[in-house]
Amino acid sequence: MSWNDTEPMVSIKDVYKSFGTLEVLKGVSLDVMKGEVICIIGPSGSGKSTLIRCINGLNDIQAGSILVEGQEVNDPELDKLELRKKVGMVFQQYNLFPHKTALENVMMAPIRVLKHDKEIAKKAAVDLLRKVGLEDKEKAYPGEMSGGQQQRVAIARSLAMNPDVILFDEVTAALDPETVNEVLLTIKRLAEDGMTCILVTHEMGFAREVADHIYFTDGGLIVEHGNPKKFFENAKDPRTKEFLSQIL
Amino acid sequence: MKYQTYKTDLPVMMPYKPVEIENFGSSIKFWYLVPILALILGTSAIAQSGSDIRLGTMQTLMRWMPLLLQGFIFNVLISVMAMAIGTGLGAALGIGQLSHNRLVRSSSWLLTQFFRNAPWLVLLFFAMFLLPFEVNIFGIIVPLPDWVKATIGLALPVMANVSEIIRGAVLSLPSGQWEAAESLAYSRRQTLWLIILPQCLKRMLPPWMNLYAILTMATVLASIVGVSEVMTLTGEALAAEGGRPDLLAPFYAFVLLIFFVYCYPIAQLTVRLERKFSVIN
Chain A
136 MSWNDTEPMV SIKDVYKSFG TLEVLKGVSL DVMKGEVICI IGPSGSGKST LIRCINGLND
196 IQAGSILVEG QEVNDPELDK LELRKKVGMV FQQYNLFPHK TALENVMMAP IRVLKHDKEI
256 AKKAAVDLLR KVGLEDKEKA YPGEMSGGQQ QRVAIARSLA MNPDVILFDE VTAALDPETV
316 NEVLLTIKRL AEDGMTCILV THEMGFAREV ADHIYFTDGG LIVEHGNPKK FFENAKDPRT
376 KEFLSQIL
Chain B
229 MKYQTYKTDL PVMMPYKPVE IENFGSSIKF WYLVPILALI LGTSAIAQSG SDIRLGTMQT
289 LMRWMPLLLQ GFIFNVLISV MAMAIGTGLG AALGIGQLSH NRLVRSSSWL LTQFFRNAPW
349 LVLLFFAMFL LPFEVNIFGI IVPLPDWVKA TIGLALPVMA NVSEIIRGAV LSLPSGQWEA
409 AESLAYSRRQ TLWLIILPQC LKRMLPPWMN LYAILTMATV LASIVGVSEV MTLTGEALAA
469 EGGRPDLLAP FYAFVLLIFF VYCYPIAQLT VRLERKFSVI N
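Chains A and B supply the protein sequences, listed in that same order.
Under the numbering used here, the first residue of the first sequence is numbered 136, with each subsequent residue one higher.
Under the numbering used here, the first residue of the second sequence is numbered 229, with each subsequent residue one higher.
Keep in mind the hints are simulated off the structure, nothing from the lab.
Treat the hints with care, since some could be wrong.
If you anchor each label on the Cβ, the simulated ranges turn out as follows [claimed, not checked]:
id, chain 1, residue 1, chain 2, residue 2, range
1, A, GLY155, B, PHE366, 51 to 61 Å
2, B, TYR490, A, LEU216, 47 to 57 Å
3, B, MET445, A, GLY354, 56 to 66 Å
For each residue, glycine too, the CB sits at the ideal point set by N, CA and C.
Go ahead and model the full structure; you've got the sequences and the hints to work with.
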């Protein structure tokens, strides 16, 4: 099946997901075009994180379809490793490998997984660390860095795989307030470079500034969506209005 | 009444003193030997008070000491070999317990549980009486002396315990490490060998050393099946001295002393490593 970039890069259709008897996603659909930045917002427990974890196959789904570049993620025949080379992910808790330096964290996967030449991968990793503003932290271990710095290394690590889309799972939620901005700025630059980004976030100001499209989830459903201006100024659904009034 | 100074042992009230984690090997103190030496001298002095023309207790002990120490070296040899075999097999079993293959996982689990919940002495007898006295490997006859069989018998529970140490260490890592590795398209095998196990080594070292100390002390079980290790030799030495009751306490106190001198530093080092790693993590 061939895919071209006039079709959605990620296409989620009527997805159902439950953990045991707990239904977390009850028929969610959304499309993401190449180069788009979308933000998924909503109260805790509304299934936001679960949804994006389904996109790279960290969670499986019970019904529906998720297509990434035309490939069905839920297909048991699918080579998940091939999928994950295309879909990067950044986590709330950074999840850097604590026994490796920042540079090693970034260059390891290209060398081991993509089988890139060691010197080329190292050079690329140095460039990426510079891009996220951490050129002086190459030799630092994760435990020696602040949360914001670790998260930027995690973003560089994900970028090193040269993915087509990156998933951001509440990446600023665990950070100290003063380091949130450095991470958001990094993501913003990525978005400006044309990277396709899917973010789960609580940073409303950021979502408004950067997102092309905002989805609001509640109770496992997408309640409302639209471009930021329309979403923040003209929310129709009472649940969205209530949520926004609490947050803003 | 003066309230200016507080005497307390609440840690928060104490002046800050950084934990020294460098050079911990050099600072192990040997003051603990004093009471044990006193025990040996004391028991021999008491025993000696009734003696006549025979050699004094201490002199007798000194005469047998080289032999007993040789026996102890044998204990150490058995413990090191059993640890090596047990660690090798246990590592395989522990990784087997984490396999996604159901058959591999459940058989590794069963073997681990079986040997972990068996008395060591029974396993020793099991090895002694079920292993042949020689094996034929590709036409070469390899004899299996008793001490080799005992080593294998002791390696079995070590294997099971190492298997559990590995499984426990792997499961104690945050699941985020697995998820991050998966998201970077590492295969399961790569994740285990490049990401998970290297981080586990530090966590596994203290319980592994602990297990070694326990194993060393368990090597005396081999005396029951007739291996000439320190306990067997002590018994033989006492018999050769005509079963003098005044020798019993000093001789066995001496055996206790050797084990203490060998095992206590290991235990201390284990505690220090545990503390060091808990500071880092």
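| request: If any of the earlier hints don't hold here, list their numbers in rising order. | output: Violated hints: none; all satisfied.
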